[in-house]
Amino acid sequence: MCTYLTERIAVEGSAKSGERWSAVSSASVYFDHPVHAYAEHSVNLDFFDHRDGSPARRVALELTPSAARELAAAIERVLASAPAELTTG
Amino acid sequence: MSRRIHSLRAETVFFPSANGDQIEGFLAQPSDVDSFPGVVLIHHLPGYDQATKEMALKFASKGFAALVPNLYSREAPDASPDDAAAIVRAQGGVPDDRLVADVDGAGRHLRGLVGGNGKVGVIGHCSGGRQAFLSACRLQLDAAVDCYGAFVVGMPPPESGLKMYPVVDSTPSLSCPLLGLFGADDKSPSPAHVKELADALRAADKDFEFHSFDGAGHGFFAVDRPSYRVDAANQGWDLIFGFFGRHLSGAAV
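In order, the protein sequence lines correspond to chains A and B. Using the numbering used here, the letters of the first sequence map in sequence onto residues 1 to 89. Using the numbering used here, the letters of the second sequence map in sequence onto residues 1 to 253.
Think of the hints as simulated: they come from the structure by calculation, not from any bench. As the structure is a computational prediction, the values presented were derived from the model and not from experiment. Heads up, the beta-carbon is just placed ideally off N, CA and C, and yes, glycines get one too. Don't take each hint at face value.
As the list claims (entries may be wrong) - Selected chain B positions facing chain A (in silico; Cβ < 10 Å):
id	residue
1	His44
2	Gly47
3	Gly93
4	Pro95
5	Asp96
6	Ser127
7	Met164
8	Pro166
9	Ala184
10	Gly215
11	Gly217
12	His218
13	Ala222
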């Protein structure tokens, strides 16, 4: 089934694709069919730079549910391990 | 429709949506016949992609002119299909009124082709199934095929953020015969959703036929995805060509 489940959030940071870095200002997180990953459903992450205005400047990830959970947990672990005063931004 | 495989021509075209916007489309048509019906082929949420264009080629090889309007022409005219789909998804999807205008424009373009017999059907898969049904309720068409369209019945989850609403209430306005093809294992539309739509069509005294395939879920026509089910897809294609052949052959009155 298509879940259509989508979260859209504002983000601040940068992403690299190939040789090119871009600032990113928004992200979509959704659980639905992947374009490339060999799975019926995946956790899909799209990062956009709306200041650039080009839809081609997207950095995308398609992860299995377990990989997505591992990623989320790893992010939480490194944030928890870092000095608190460094992780407020 | 004959059983032979036609010679065909395929190209990118630009044509006006009924709302006046100029949009892109992929047109495939038989090149060895004098007269042919038209089919508006609505791409799925993942976009104006290779798999959808290959379906257009299949229609042309069977004697139909098939036009795939790029529903994402405006937001991302030159982007790859997956980038365009990501952008449109992030913006909440395609508004229904604009979709109907694009299908209307595509139908007009097909009727105006040299050799067009004046008859036009519509088909869509997944989100396109809902949009095919909606188009057939808003426009005067000759036949419609809904392949596992989600949210014809039932609301999408509020978390989807998509501008998508159930359209089953439009059933009394359906302008043409409807063929529905579904996977018995699908959750959206579920067998209960399919039954609710069938009940609405029966109550409105509409001409329709539904088929649900055991062992198939959502997306069973998608040859490039793990959801592909060869038996259901083969049976489904036979039903589609039979249905369009019955309802779109001959000159329009």
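_Hint numbers not upheld by this structure, sorted from lowest to highest_ = 4, 5, 8, 9 and 10
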